[in-house]
Every structure is written in structure tokens, then in C-alpha cells.
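Read off the chains here:
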Amino acid sequence: MAVNPKDRPSEERINDFDEVNLGYTDEEAVKEAQRCKECGVCIKGCPVRINIPAFISQIKKKNFKRALSIIEKDNILPGICGRVCPQENQCEARCIMDNPINIGALERFLADKKVPKDIGIYPSKNNKKIAIVGSGPAGLTSAFELKKSGFEVVVYEALHKLGGVLRYGIPNFRLPDEIIDEEIEQLKKMGVQFRTNFLIGKTLYLDELLDKFDGIVIATGAGLPRYLKIPGENSIGVFFANEFLTRINLMKAYKFPEYHTPIYKGKKVVVIGGGNVAIDAARVARRLKSEVMICYRRLEEDMPARNEEIQHAKEEGIEIKTLLNPKKIISKDDGKIKKVKFVKMKTVGKQQDGRNAVVETEEYIDIETDIFIEAIGQIPNKIIQQNSKGLEFDSWNSLKIDENMETTKNNVWAAGDVVSGAATVIKAMGEAKKAAEKIIKEIGG
Amino acid sequence: MRNQIVKKEKIASKTYSFWIYHPEIVSHYKPGQFIILRVTEKGERIPLTIVEVDREKEIFRIIFQVVGKSTRLLSKIDENEMILDILGPLGNEVRINKDVANILFVGGGIGIAPLFSKIKEFLKEKKLKGSVILGARSSENLILENEILEITRNIYITTDDGSKGKKGFVTDALRDLLNTNEDIDLVISAGPVKMMKKTVEIAKKNKIDILVSLNTLMIDGTGMCGGCRIEYDNKTRFTCVDGPVFDGYKVNFQQLIKRNNQYHSHECKIKNLEDNL
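Quick mapping for you: the protein sequence lines, in order, are chains B and X.
Numbering-wise (our numbering), the first sequence opens with residue 361 and increments by one.
Numbering-wise (our numbering), the second sequence opens with residue 79 and increments by one.
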């Protein structure tokens with residue numbers, strides 16, 4: 361039987377922003393590890409190719425330190441990945457067991473053991489300097505790989521804190537700040553340098569960086585919100601998920617007035633979207649004591665969010681309504697939102713990706729709400745190209761790259777959401793690793 | 079050291095001027111741009127216009143009025159101390175049509191600070207013709223008068239209480255000037271939103287173009303959150319990356335006024351807490 365880590369009871373956890381999943385005890389981890397046949401097919405499902413059977417084998421022997429060092433050969437962010445990777449679609453999807461091994465939970469278990477780490481300092485060996493733009497998962501991963509190979513690495517971050525979407529996007533109850541801090545601390549110990557409050561394209565230009573560095577990795581993520589562009593969208597109480605989550609996660613507005621950034625609250629909250637960001641926003645709103653409803657235009661089975669998170673949301677009392685698409689926001693005289701007009705959708709067969717295709721019906725429904733949060737996706741921010749020439753983007757703002765992860769500009773590589781649009785943390789990390797390998801090959805490791 | 083306040087001055091009632099050392103911001107600065115700063119670990123991100131730069135000394139100037147908790151904390155930082163976080167320069171350079179020859183600048187209250195960056199650019203650097211209307215509640219609130227006098231003698235001052243210049247509002251002076259001076263082909267306006275709205279109405283009546291420098295709520299300042307969005311020409315625009323200077327005719331001011339009041343009750347709450355201390 362599979363051993364699953366325990367969650368805190370929903371009635372308790374909706375009162376705070378502490379982590380929901382409690383993680384394994386030693387006994388639970390060993391018991392879960394013992395189910396593994398160590399066949400190794402899972403490695404193919406891991407974008408950063410962690411030697412999963414090897415680390416699980418060490419857990420069986422309670423060699424937790426050895427186990428962690430096996431992971432850290434390929435991944436400097438185990439505490440983060442163990443928590444937020446969609447393992448069910450990656451390594452665990454490849455598992456031969458009927459009930460796949462909880463690989464993600466085991467990875468997290470090791471990261472949380474806080475065994476003394478011996479990452480070591482990696483001196484700059486090759487006199488080559490790489491600048492990395494963005495300190496999210498792709499930026500941190502390429503920093504790790506390049507530092508390991510003897511480059512001098514400087515990471516530039518626009519915000520005042522490091523971590524990118526890990527920091528401003530993912531709430532503490534899924535990924536605590538301390539975990540991000542600890543894993544970035546490892547990179548600092550290795551000798552990676554970080555510069556916060558540097559917006560490349562404004563504070564320094566890409567071309568200026570190219571004068572100072574031998575190569576650049578653009579890992580600026582997908583930082584622009586997509587929005588509905590429907591009437592009434594600028595009413596008070598209407599948020600793009602980015603703002604709502606940034607106020608809470610980065611600025612800690614839920615601790616207002618101890619922290620000085622406020623958050624606008626309301627009794628009823630409606631969230632639009634079906635991805636992880638929508639679920640995160642809904643669960644944050646629930647913790648601010650609102651009644652929360654998620655409206656999605658397809659069916660629940662089509663939601664791109666992790667199933668585990670959808671279940672967590674439901675346990676926390678969040679209602680999910682499907683086959684609804686917002687058309688218009690109606691506000692009161694004072695500019696505050698009153699209600700949202702939705703058109704009901706219906707399914708019309710399947711799309712190529714296996715999800716239900718939907719079309720609008722003639723039926724409408726009004727839903728009253730105090731807050732309306734749009735979480736319908738993000739696209740890359742193009743500020744990086746300002747005042748410099750040569751970068752090319754496609755019509756979805758994604759940076760164009762070749763098969764070597766190199767952009768249209770010489771000595772400039774790219775990885776993560778800036779290339780693939782809003783995807784997952786681990787996909788970004790896989791691309792970052794690939795970009796780093798190409799740089800090592802091309803510029804020398 | 080980067081982020082160090084090299085000169086601090088109280089220049090009017092509750093109003094401070096800081097010169098801050100930051101080589102990158104200064105060397106990349108274009109007139110019209112702003113910074114976002116943070117004062118403490120628990121602090122807000124506050125957007126402030128870059129008033130001017132001294133390229134030789136690699137310092138830039140901000141001017142702010144103490145209006146709430148964050149600006150009060152900012153005002154307490156002493157000369158030679160550092161500001162925790164500064165990001166910039168953000169936003170776009172202010173641009174005008176090539177055929178503009180005579181500009182009328184209108185600034186109200188603390189809005190004179192963002193206005194000054196444009197006065198300096200177009201009257202001093204680009205040597206265009208122009209005149210300036212400055213308004214304040216009373217003489218002790220009026221800022222940058224001397225600095226502007228060094229650039230142009232064409233200054234008209236109004237105060238609400240008549241303690242300096244003409245008693246009345248900048249909008250009265252604007253109306254008078256546009257009626258009597260036919261050479262003006264652009265107005266640039268900065269100040270409280272209600273004042274800017276009024277100036278746009280007057281400019282429109284006189285069929286003269288007008289640019290407004292907006293100050294909305296902001297968090298990241300890089301286009302990520304959308305908190306600073308406005309309705310512009312019936313479309314959504316972000317003040318941080320699309321502005322902060324916009325064609326006044328196209329801004330939906332009614333909505334902007336409402337959006338800027340979104341956190342009014344929170345600000346009152348903080349004020350009450352502080353008053354009770």
C-alpha cells in the first residue's frame with residue numbers, strides 16, 4: 361500500500377498561510393521507498409534527469425544524506441520541486457506500479473531533513489562570465505549548472521526578493537518562503553552572485569550586459585497577465601491574479617497592518633480560470649475569510665491545475681462551477697463591482713489535446729460578487745529587449761530560440777516560461793539545464 | 079554607496095527632497111521616468127518620479143510629501159543613510175510632437191515635482207518656449223519655485239488662500255492664459271487627479287493638446303500585476319509600462335479617481351492606529 365503524507369485538516373489550515381502538506385516522517389518515507397522496484401523508468405519522466413532509483417535506494421537504507429546528495433547532482437532545488445512539480449505527469453506517470461511511488465514526497469522529505477549539505481564552493485575556473493536574467497526556477501537552475509562547471513555567474517532580479525514566480529506567485533501554504541531562501545542560500549554558498557532591483561532593459565540594457573559577460577541566459581518567465589478584455593474590467597474589486605497573489609505572497613498583505621501593503625477584501629470572491637494560479641488565488645481568498653467560487657469554462661476534468669490542488673481547494677470549501685464564461689462586469693455607482701454576467705457553455709466533443717471543446721449557449725446567468733479575480737494565464741514580458749536590438753519574439757510574446765536554446769542574438773540563450781509561455785516549474789528547469797549544457801559546450805566549461 | 083542619500087532637505091511643509099547616489103539609474107535615466115522604492119523589510123513599494131539627475135555626481139533627486147505611513151518612514155531616513163530597495167528607472171521617456179514650439183506647464187501641489195522633470199527637459203535642455211503655472215494650497219506648500227525661475231521667468235503662481243501669487247486655482251490661471259495666449263500648442267499637467275481632469279477639460283475646450291503625468295497605485299512597476307491599470311481610449315493600459323505620461327483626452331479620469339480611492343479605508347486604519355500610539 362502506498363504511504364501518503366498527511367495534510368493538515370482543512371478547518372484548521374484555512375485560518376493561516378502555513379503549509380498544508382505535512383510531509384513524511386522517517387518511518388513513512390522508508391516504508392514508501394521500500395515499495396520501489398528501482399527499475400528506473402521514472403528518470404525518463406524527469407526533465408532534469410534525477411537518478412530517482414538511486415536516491416530511493418539510499419532512503420531504504422536510511423542514508424538520507426547520501427540520498428540527498430544524489431538528487432543535488434542534478435537539482436539544487438529539491439525542496440521546491442518536491443512541493444510544486446506536477447510529478448503525477450512526470451516521473452510518477454512513468455512508474456510501473458499500479459499506485460505510483462510518491463517520488464515528489466520523497467524528494468521533499470530529503471530536502472526537509474536539513475542534513476548538513478556539502479555542496480561545496482565552485483571556484484571560477486574558466487575565466488568566463490555568464491549573466492542570468494531572472495531568479496525564478498529557470499534562472500536558478502542555469503546558475504547552478506553553470507557555476508558547477510566553473511563559470512562566474514551573476515543573477516539579475518527585478519524585484520526586491522529572489523525567486524521569481526516561486527516568490528510572488530506560489531502561496532506559502534504550498535511553498536514556504538524559508539524553503540526558497542534555503543535553496544537560494546545553497547547557490548550563494550557555491551559562489552553564485554545575485555543582484556536584486558535590477559531590471560534588464562531599464563537599469564542596465566541587454567547590450568551593456570553583453571559587453572561585460574561572455575554569455576547571457578534570459579530566464580525572465582511569463583510576467584505579464586493575460587486578461588479577459590471584457591466591459592467593466594477596471595471596476596474596483598476586479599484583480600488580475602498576479603496582483604492579488606503578489607500583494608499576498610511577496611508583500612505579505614495578509615499581515616496588514618504589520619506589513620504595510622494592504623489587500624482589498626470582500627465577502628464573496630469569484631475566480632476565473634482552471635490552472636494552478638486560479639486555484640492558488642481561490643485558496644488565498646479563502647484564507648482571507650471570503651466565500652469563494654471558481655468558475656471555469658470547460659469541465660472540471662479539463663482543468664490544467666494539479667488534481668491534488670483542486671481536491672485541496674474543495675476540502676477548504678471552495679465551490680467549482682463549470683461551463684461558465686464571463687462576458688461583462690457590472691459595477692455600482694461608486695465603481696465597485698456588483699455582479700458578473702456569464703454565458704453558459706456546452707461541450708461539443710473533444711479537442712486534439714483530449715480536453716472537452718466548448719461553445720457558448722444562448723443562456724446567461726448573473727453572479728453577484730465583491731471580488732473578481734482573473735487567472736487566465738500569463739505571457740512573457742518584453743522589457744528585456746528595450747534599448748537593445750536583435751531579440752525576436754513570436755506573436756504570443758515568447759522568445760524565439762533555436763534547437764540549442766540560443767536566441768536570435770549571438771551569445772544570448774533563453775529558458776523557461778519566456779520561451780514556452782506559462783508552463784511548469786520543472787519544465788523551465790529542464791530547459792535551463794539544456795541551455796546551460798549548450799553554453800558549456802559552446803563557451804567552454 | 080548605491081542607494082545612499084547624499085543630500086536631504088525639507089523644502090516645504092511636510093515635503094522633502096532627497097538626492098540619492100545610484101550610477102545605473104542616473105546613467106539610464108530619461109525624463110519622465112520614475113523609481114519604486116521600499117523603506118523597510120515590511121514596507122510597501124512606493125513609486126516616485128525622478129525629478130532631475132546630476133550625471134557627474136551620479137545622483138538623482140526625488141521629492142515627496144508625507145501623506146501616510148510609508149512616506150513618513152521615508153522622511154525619517156537621514157542623510158548618508160541608505161534606502162533599502164530602489165528599482166528604476168521605470169516607465170517611458172516623455173515625448174512630444176516635433177512641431178510643438180510653445181508649452182504651457184501646469185503643476186499643482188506635490189505634482190510640481192514630476193512636472194519639473196519635463197520643464198527641465200523641454201525648456202532648459204531642448205530650449206523650447208514655454209510658461210509655467212504653479213499652484214499650492216498656500217505659500218508654505220509651494221515647491222521648486224526658485225529652480226523653475228532659473229529656467230524661465232514666465233511663472234504664474236496661484237494659492238488657494240492667496241498667501242502667494244493670485245488667490246485661486248491653477249485651473250483659473252490656465253483658462254486665462256489659454257484665452258489670451260494663442261501661441262501655446264501643448265499643455266503638460268501634473269498634480270492631483272481631480273486637478274488634471276479639470277485641466278484636460280479646459281484644454282479640450284480650447285482645442286489644445288494636453289499630456290498628463292499619472293500617479294496610480296503600483297506594486298511591481300514592470301507590467302506584472304496590473305494594479306496601476308487605467309482605461310485609456312476605451313482600452314486597458316498600465317501606467318507603469320505604458321505611461322506614466324498619457325494623452326489627457328483619452329484618460330478615463332472618473333474611473334481613475336475611484337480606483338485611486340480603493341485603499342482609502344486601509345489608509346485611514348493605519349492613520350488611526352498611528353494616532354493612537
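If you are wondering where the hints come from, they were derived from the structure by calculation, not from laboratory data.
Virtual Cβ for every residue (Gly too), placed ideally from N, Cα, C.
Be careful, since some hints might not be right.
Straight-line C-alpha distance at most 30 Å; calculated BS3-like pairs for lysine-lysine [to be verified]:
{"no.": "1", "chain 1": "B", "residue 1": "K589", "chain 2": "X", "residue 2": "K202"}
{"no.": "2", "chain 1": "X", "residue 1": "K108", "chain 2": "B", "residue 2": "K769"}
{"no.": "3", "chain 1": "X", "residue 1": "K242", "chain 2": "B", "residue 2": "K572"}
{"no.": "4", "chain 1": "B", "residue 1": "K749", "chain 2": "X", "residue 2": "K282"}
{"no.": "5", "chain 1": "X", "residue 1": "K108", "chain 2": "X", "residue 2": "K282"}
{"no.": "6", "chain 1": "B", "residue 1": "K628", "chain 2": "X", "residue 2": "K313"}
{"no.": "7", "chain 1": "X", "residue 1": "K272", "chain 2": "B", "residue 2": "K696"}
Partner residues are not named here, just some residues of chain B that face chain X (Cβ under 10 Å, in silico) [unchecked claim]:
{"no.": "8", "residue": "T563"}
{"no.": "9", "residue": "D694"}
{"no.": "10", "residue": "G750"}
Quick rundown of the hints versus the structure:
Under the criterion of a C-alpha separation no larger than 30 Å, the hint pairing K589 (chain B) with K202 (chain X) is inconsistent with the structure, at around 42 Å. Distance check on the hinted pair: K108 (chain X) and K769 (chain B) sit about 26 Å apart at the alpha-carbon level, within 30 Å; holds. For the hint pairing K242 (chain X) with K572 (chain B), the CA-to-CA distance comes to about 53 Å; that exceeds 30 Å, so the pair is violated. Annotation: proposed proximity of K749 (chain B) to K282 (chain X) is violated, straight-line Cα distance about 39 Å (limit 30 Å).
Note on K108 (chain X) and K282 (chain X): the hinted pairing holds, with a Cα-Cα distance of about 28 Å set against a maximum of 30 Å. For the hint pairing K628 (chain B) with K313 (chain X), the CA-to-CA distance comes to about 27 Å; that is within 30 Å, so the pair holds. The hinted pair formed by K272 (chain X) and K696 (chain B) meets the criterion: a straight-line CA distance of about 19 Å does not exceed 30 Å. About 5 Å separates the beta-carbon of T563 (chain B) from the nearest beta-carbon of chain X, less than 10 Å, and the hint is met.
Annotation: interface hint on D694 (chain B) holds; nearest CB of chain X at approximately 7 Å, less than 10 Å. With a cut of 10 Å, the hint placing G750 (chain B) at the interface with chain X is violated, because the nearest CB-to-CB distance is about 19 Å.
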